[in-house]
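K.L.:
Starting from the known structure of chain S, fit chain B onto it as the hints suggest.
One line per chain: the protein sequences are S and B, in this order.
Here the first sequence is numbered in the working numbering, starting from 1 and rising by one per residue.
Here the second sequence is numbered in the working numbering, starting from 1 and rising by one per residue.
Any given hint could be a false lead.
Simulated DEER-style distance windows between Cβ atoms [said to hold, decoys possible]:
id: 1; chain 1: B; residue 1: Met-219; chain 2: S; residue 2: Ser-48; range: 20 to 26 angstroms
id: 2; chain 1: S; residue 1: Gly-89; chain 2: B; residue 2: Leu-220; range: 51 to 57 angstroms
id: 3; chain 1: S; residue 1: Gly-58; chain 2: B; residue 2: Leu-16; range: 55 to 61 angstroms
id: 4; chain 1: S; residue 1: Ala-124; chain 2: B; residue 2: Trp-5; range: 51 to 57 angstroms
id: 5; chain 1: S; residue 1: Ala-124; chain 2: B; residue 2: Thr-28; range: 42 to 48 angstroms
id: 6; chain 1: B; residue 1: Gly-91; chain 2: S; residue 2: Gln-115; range: 48 to 54 angstroms
id: 7; chain 1: B; residue 1: Leu-220; chain 2: S; residue 2: Tyr-92; range: 33 to 39 angstroms
id: 8; chain 1: S; residue 1: Asp-6; chain 2: B; residue 2: Thr-28; range: 36 to 42 angstroms
id: 9; chain 1: S; residue 1: Leu-47; chain 2: B; residue 2: Glu-84; range: 50 to 56 angstroms
id: 10; chain 1: B; residue 1: Pro-154; chain 2: S; residue 2: Ala-127; range: 44 to 50 angstroms
With a straight-line cut-off of 30 angstroms between C-alpha atoms, the simulated BS3-like cross-links for lysine-lysine are [claimed, not checked]:
id: 11; chain 1: B; residue 1: Lys-95; chain 2: S; residue 2: Lys-172
id: 12; chain 1: B; residue 1: Lys-53; chain 2: S; residue 2: Lys-216
id: 13; chain 1: S; residue 1: Lys-119; chain 2: S; residue 2: Lys-216
id: 14; chain 1: S; residue 1: Lys-51; chain 2: S; residue 2: Lys-119
To be clear about the criterion: a stretch of chain S counts as covered by chain B if any three or more of its residues have a C-beta under 8 angstroms from a C-beta of chain B, and this derived list gives those stretches [claimed, not checked]:
id: 15; stretch: 161 to 175
id: 16; stretch: 188 to 201
None of these hints come from the bench; they were simulated from the model.
Ideal placement from N, C-alpha and C gives every residue a C-beta, glycine not left out.
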Amino acid sequence: MFSDFDTDVIFNNLHFLVEGMQTTLILTIVAILGGLLLGTLLALARLSPFKPLAFVAGTYVNFFRSMPLILVIFWFYFLVPHIVGRPVGGFYSVLVAFVLFEAAYYCEIMRAGIQSVRKGQIYAGQAIGLTYTQNMRYVVLPQAFRNMVPILMTQAIILFQDTSLVYVVGVKDFLVSADLVANRENRILEMFTTVALVYFIICLSGSLFIRRLQRKFVT
Amino acid sequence: MNYNWDWGVLVREPYLEWLISGFGWTITVSLAAWVLAFSLGSVVGILRTTDHKLLRGLATCYVETFRNIPLLVQMFLWYFVFPELLPDDAGMWVKREMPMPEFTTAVVCLGLYTASRVAEQVRAGIQSIGQGQRNAGLAVGLTPAQVYRYVLLPVSYRIIVPPLTSEFLTIFKNSSVALTIGVLETTAQARQIEEYTFQGFEAFTIATVLYIIVTSIVMLLMRVVESRVRIPGMISLGAK
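If we strip away everything but chain S, and leave its shape as in the complex, we get (with noise of 0.2 angstroms):
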């Protein structure tokens, strides 16, 4: 039990449990950024009046939604090295994997925040005489943006826990590092009792943080 809670495996292997946690943190970082530039445009093309375009989009995103990502991971890694022609590393398939799958969630938080955009807004910006494109780069985007941000930040701390998961192709994250720490020094319960507290600590103070923010942007 805890009376003989060993420590010191964790102090001896922190910079293994760095390293990993810095692969988990690059893996979030690269999968908002991309998700969101490519949930954007997705967001774009279902509000877009050209139909087609709207269904492909639209297929797009609930096809991404009704897998799990466990699925789409494996997809990934078993199909970037096909269209690739080379092996590229569990690394960058689940990165690619990250990327398109966030993206389908970021789509619909985009969209909601557009449409809550209120229209006289839209009329207001070609009124004045503004493009398509520079309505939505001034008036429509911002806007939608400041309305999204806690949902867009509670979104970065589920994608945060769910890089976890790619402990099932063996990318070597926070999660697989305290693994192999833990098989390899037979510490089982020490290495998965500080992942937890570790990821508690982060994901509660994000949530807390988004929680002050919320105050101050609903207006």
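P.N.:
Just chain B, lined up with the frame of chain S:
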């Protein structure tokens, strides 16, 4: 892209059986976990809206704990760490003698995790009704329990049908995480077929199709339920 297509692999022995049993496990794990998540989530969600400070605090702790640790980490905690924390005999029982240890652990873990999310939906549903109805109930002499039973809950459950649907779909998709502790559900079987036959494309396609079919059926069914239980004049909350 050099790839030898062979869709026949999906109906060949023993792969067809693997797929069927995998799909069966996906459904069983999801439904069993949902029963737990829905009942516990309702209790926790209701507690979060009561006037009792201690109970409210405990419910909040529950939600924050289970929401802020990744599901996979929770799965490992239940499977590897939890038996170590028990007294020796009980720990042994959980590890060795408990019937279907992987399945039971997966259901408990997934259920407790999703309960925290269901609780948030239930709470949002109750809070969306507003203080007036609660006060009105108390004013006509109902006890607090009666206010929940006859005034608040019947309305809030009808309001939160759409977000509960998406929580159910989440549990259904999250059941794939059970493969990490050895439950051979759909995704695990697809992966296994890929490893045995190198026909990854076919294996993952059939798994994808299965997930999409179930998701679509659930969404269609719930759309009917939703329109049946809709309260005229009330806007549904929508999934958040």
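K.L.:
Determine for every hint whether it applies to the structure shown.
P.N.:
Here is what the structure says about each hint:
| no. | hint | verdict |
| --- | --- | --- |
| 1 | Met-219/B <-> Ser-48/S: 20 to 26 angstroms | holds (24 angstroms) |
| 2 | Gly-89/S <-> Leu-220/B: 51 to 57 angstroms | violated (41 angstroms) |
| 3 | Gly-58/S <-> Leu-16/B: 55 to 61 angstroms | violated (33 angstroms) |
| 4 | Ala-124/S <-> Trp-5/B: 51 to 57 angstroms | holds (55 angstroms) |
| 5 | Ala-124/S <-> Thr-28/B: 42 to 48 angstroms | violated (55 angstroms) |
| 6 | Gly-91/B <-> Gln-115/S: 48 to 54 angstroms | holds (53 angstroms) |
| 7 | Leu-220/B <-> Tyr-92/S: 33 to 39 angstroms | holds (38 angstroms) |
| 8 | Asp-6/S <-> Thr-28/B: 36 to 42 angstroms | holds (38 angstroms) |
| 9 | Leu-47/S <-> Glu-84/B: 50 to 56 angstroms | holds (52 angstroms) |
| 10 | Pro-154/B <-> Ala-127/S: 44 to 50 angstroms | holds (48 angstroms) |
| 11 | Lys-95/B <-> Lys-172/S | holds (28 angstroms) |
| 12 | Lys-53/B <-> Lys-216/S | holds (27 angstroms) |
| 13 | Lys-119/S <-> Lys-216/S | holds (24 angstroms) |
| 14 | Lys-51/S <-> Lys-119/S | holds (20 angstroms) |
| 15 | 161 to 175 | holds (count 7) |
| 16 | 188 to 201 | holds (count 8) |
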